[in-house]
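Engineer: These are the residues of each chain, in order.
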Amino acid sequence: MTMPDPVERYLDEFLRARARPLLLTFDANWQLVDVHGDTSIRGLDADGPHTLVQQLQDLFLGLPCDQPQDLPFVELAGGIHAHVHLIPESDRFHLLLLDASDEHARTQVQQQLGNDATLAVFEKTRSLARLRQIRNELEQQRARLEEANALKNALFATLSHEFRTPLTSIFGYLHLLERYGESARDQALSALRRNASYLFALAENLLEYGRSEAGETLLTPTVLDLSVLVTDLEAMFCPLAAEKRLELSVEAGPVPPSDALFDVVKLRQIAINLLSNALRYTPAGYVCVYLGWERDRLRIEVRDSGLGIDAEYQAKVFKPFNRGAQHGACSAGLGLSIVKRLVERMSGLIELESTPGKGSAFRVALPPLVAAGPPQVAPVVPEGSHRSFSSALVVDDDPDVAALLEVLLGDFGMRARIATNVAEAIAMVAAEVPDLVLVDVELPGLSGNAAVYQLRSQGYKGRIVTVSANATESARSAAITAGADHYLTKPLDFVQFARVVQGFAAVT
Amino acid sequence: MSDFARKVCMLGDFGVGKTSLVARYVRNTFSDKYLTTVGVKVDSRSVALSDEVNLKLVIWDIAGKAALDSVNKNYLRGASGLILVADGTREPSLRAALDLALQAREVVASPACVLFVNKLDMVDRWEVAPAVLGEIRRSLAVFETSALSGDGVEAGFIELARKLAP
Ligand SMILES: Nc1nc2c(ncn2[C@@H]2O[C@H](COP(=O)(O)OP(=O)(O)O)[C@@H](O)[C@H]2O)c(=O)[nH]1
Ligand SMILES: [Mg+2]
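Here the protein sequences come in this chain order: U and Y. Residue numbering for the first sequence follows my numbering, starting at 2 and increasing by one per position. Residue numbering for the second sequence follows my numbering, starting at 5 and increasing by one per position.
Honestly, I wouldn't trust all of these hints.
[What the hints assert, rightly or not] What follows is a set of in silico ranges between Cβ atoms, one per label pair, in the way DEER data are often shown: (1) K125(U) to E139(Y): 28 to 34 Å; (2) S143(Y) to A404(U): 39 to 45 Å; (3) E56(Y) to V36(U): 33 to 39 Å; (4) N78(Y) to N137(U): 31 to 37 Å; (5) S143(Y) to K125(U): 30 to 36 Å; (6) N78(Y) to F15(U): 23 to 29 Å; (7) E158(Y) to L350(U): 55 to 61 Å.
[What the hints assert, rightly or not] Capping the alpha-carbon separation at 30 Å, the derived lysine-lysine pairs in DSS-like fashion look like this: (8) K167(Y) to K69(Y); (9) K359(U) to K320(U); (10) K60(Y) to K77(Y); (11) K69(Y) to K125(U); (12) K359(U) to K317(U); (13) K69(Y) to K37(Y); (14) K69(Y) to K462(U); (15) K167(Y) to K125(U); (16) K167(Y) to K77(Y).
The set of hints was computed from the structure by calculation and includes no laboratory data. All values reported here derive from a predicted model rather than from experimental measurement. Virtual Cβ for every residue (Gly too), placed ideally from N, Cα, C.
With the hints as constraints, model all of the structure from the sequences given.
Structural biologist: What follows is the structure, encoded as structure tokens:
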């Protein structure tokens, strides 16, 4: 299809001007034998054809040079874009470069718009999902705050009542002492003692409640002297029982073995709360207490012939500030909720058996404590488990913190190595797999979460604890998603840290 | 000293960081500006595999797409290795990379393959779970990389170079 001569000439010139063709001819060994066309544009002048030839040779690596080829939009040295065509001819071949810079720029703008749009849609969908999640979290947080607020209000309402009763009585007996002196002394003193003990127990409960709000409370294992506890309880509650004309018996059963340890302070708190609860809600009859070691548990039983609790209220009775749970009572206050929390904190069980109008029985069974606090750990953790949980890697760029953690881990009989960044940590785990990895999130370069992620994706099965200065929920969840077992915040609470490590050692 | 060269292609959806990874590996640079790649850019870097063997990696950085069109298939011809690239913050890009690897097999017989999961510096926003990569690792060398920080990049390219050794 030949066109008239002037058109052919015009077309030829027009297309050449556009494409600015450059032709390089090579022999079969990639020796440049000839160059035609617009050499200036391709920067051939600057350092000769060497760079370009090298690039073209790379471009056709692995491709046959005896077949026509067409590689559109190739970026060459100096940011130039060309369509590269290979045209074979017997024992040599030609590379024809057609300028594509303008076309490249246009295509790039279009493609970029398309890509950006796709990414924007993706980002939008994700942002929406994130917003929805944040809204849910806020909603939950609001509900929690409302609940906490309601609880606080209930607390104050109950408190004023619970404090006022014994205080009224104390003021009353003080008045009696002032007025009648010696003749009222015995009666007044025992009433004062009783009410002071009651206030003391109340204050203890409040403290315990405050601790539970702030987080888990720590257990202190000590040897239990059952007879001391029994005597104390008797002394504390006899006056009140006598005043109400109730029969009170506190009985001690078998003594626990000397290696069975308990948190005695908390144990007392449990017994005191159960007893004062029983005495308070028993108008006539008896209150019986039994404490003793049976079937590897410390058993506490408090029975009364009191008002009893309806079946439907039996679960509610352990909630703080429940109302109307016990017959005739406006509030059970904090006592039983704290008993339940303490029992559970010590891995024990509590049961309630009750018949309205006949009485109630609370039964508590407590296993001895295993161990607590760094100093007690070493002797309590058996030898075998030491060997199976004994090596740690600390990833922290602060040498002081790293050294401190090393010492702490040493207290658990663990040997620690130290890495100061992510790459080092990965390499050290690859060289020798530790039982525990302790990672600081805020590292120079990649974050500690990146180390955790890589360890998990590489199949690391040991324990990972992440430590961070960031106390937000999203930071915590990022660490857990990356694969951490625990997330601790700085400044590091060493007691909590000890508990976490100890927990690992116990199940390993 | 024996020198040889191999063609390797970067394969992955657009925006996952193919161009940035090559820039990090070949020139040790990074830019956070996104300029989509049109066509192909060929770069190279030599790796000393041993005292005697030097491998020149000729790296093809091509326009990213979730599926291979005929132009891209044409670009793949003659390749011996593939670097599959996914973006950890975009879960679909991982599937795209694996899918591209399957499609590439129509053009390249049995390429050496490694998978880069990129943007490790943004790990807090990753959508790919570590266990998923753990699973893929059974059949494919996986590297978590960051073109921004450089982590994992060198190791990944060297691993591919080793697989390409004669
Ligand atoms: N944060 C971060 N951004 C990256 C990384 N790699 C690439 N990017 C950014 O992601 C965008 C796309 O990168 P590019 O290399 O052009 O992706 P390509 O389309 O696969 O070649 C650019 O804005 C880069 O700056 C990385 O490792 N970390
Ligand atoms: Mg690119």
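Engineer: Each hint should be assessed against the structure and marked as holding or not.
Structural biologist: Hint by hint, here is what the structure shows:
no. : hint                           : in the structure
1   : K125(U) to E139(Y): 28 to 34 Å : holds, 30 Å
2   : S143(Y) to A404(U): 39 to 45 Å : holds, 42 Å
3   : E56(Y) to V36(U): 33 to 39 Å   : holds, 37 Å
4   : N78(Y) to N137(U): 31 to 37 Å  : violated, 49 Å
5   : S143(Y) to K125(U): 30 to 36 Å : holds, 34 Å
6   : N78(Y) to F15(U): 23 to 29 Å   : holds, 28 Å
7   : E158(Y) to L350(U): 55 to 61 Å : holds, 58 Å
8   : K167(Y) to K69(Y)              : holds, 25 Å
9   : K359(U) to K320(U)             : holds, 23 Å
10  : K60(Y) to K77(Y)               : holds, 23 Å
11  : K69(Y) to K125(U)              : holds, 21 Å
12  : K359(U) to K317(U)             : holds, 19 Å
13  : K69(Y) to K37(Y)               : holds, 19 Å
14  : K69(Y) to K462(U)              : violated, 36 Å
15  : K167(Y) to K125(U)             : violated, 40 Å
16  : K167(Y) to K77(Y)              : holds, 22 Å
Hint violations for this structure: numbers 4, 14, 15, all remaining hints satisfied.
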